[in-house]
Amino acid sequence: MKPALDGLLLNVAPRLAAVVIRLLRRSLRIDFVGEEHPRAYWDKGEAVILAFWHDQLLLMVEGYRGPGARILISASKDGELIARTMEQFGQGAVRGSSNRGGRQAFRELVELARQPFDLVFTPDGPKGPRHQVKEGVVQLARISGRPVVPMAFVASSGHRFASWDRFLLPYPFGRGVFAFGPALLFEKGEEPEAFRLRLQAALEDNHRRARARLEEYGVSAV
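The sequence shown begins at 1 in my numbering and counts up by one.
A portion of the hints provided could be inaccurate.
[Unchecked claim] Heads up, simulated BS3-like pairs for lysine-lysine below, C-alpha to C-alpha not over 30 Å straight-line: (1) K77 <-> K134; (2) K188 <-> K134; (3) K44 <-> K188; (4) K127 <-> K77.
Hints are computed from structural coordinates only; laboratory data are not their basis.
Using the sequences and the accompanying hints, generate a full structural model.
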């Protein structure tokens with residue numbers, strides 16, 4: 001019975017999750033900040049790498065308004081549910097992480113970088129440390145030559161789970177902000193650690209930018 005139940009879960013849960021995500025997004029008063037940064041590339045028919053923190057994952061697919069993306073998602077059972085949920089929004093997945101299937105996933109991302117898809121990373125996933133950029137996105141930027149665009153989502157109200165990333169579940173009917181920062185390119189001759197530190201700072205700056213927009217409405221981010 002268990003395989004049958006697992007199969008039912010994998011078929012039904014992603015559809016329900018997609019409905020919940022769409023309804024939650026529509027209940028929120030949303031601002032977009034800095035979308036001109038990725039759009040400058042999209043308007044030229046060029047693709048980017050989008051990077052955001054793992055705890056902000058839930059609504060990011062609703063904040064993405066680009067031409068199409070492939071998202072790096074863990075090869076775990078939970079990752080399978082997330083990947084199938086993303087399919088409900090027309091976005092594809094690359095399965096793997098630093099501790100499971102990572103090399104194959106990275107090779108697939110390098111191949112996809114030759115195609116017109118945006119590539120999406122949570123650079124502190126799948127298990128942290130929280131809000132710390134790891135090596136994968138740095139090497140992909142180096143090899144592919146693609147710009148990395150920081151992305152962030154903040155909400156005025158919600159629940160933080162007691163997980164390693166303090167995953168955010170926004171509450172309905174509050175305010176939310178999707179923010180994008182200026183693109184970063186891996187410079188010729190640059191040391192990977194130098195780029196990692198630049199990207200770390202850019203992600204932190206973009207998160208602050210999103211929080212500041214909320215504060216303009218007299219509310220703080222959870």
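Numbers of the earlier hints that this structure fails to satisfy, in rising order: No hint contradicted; all consistent.
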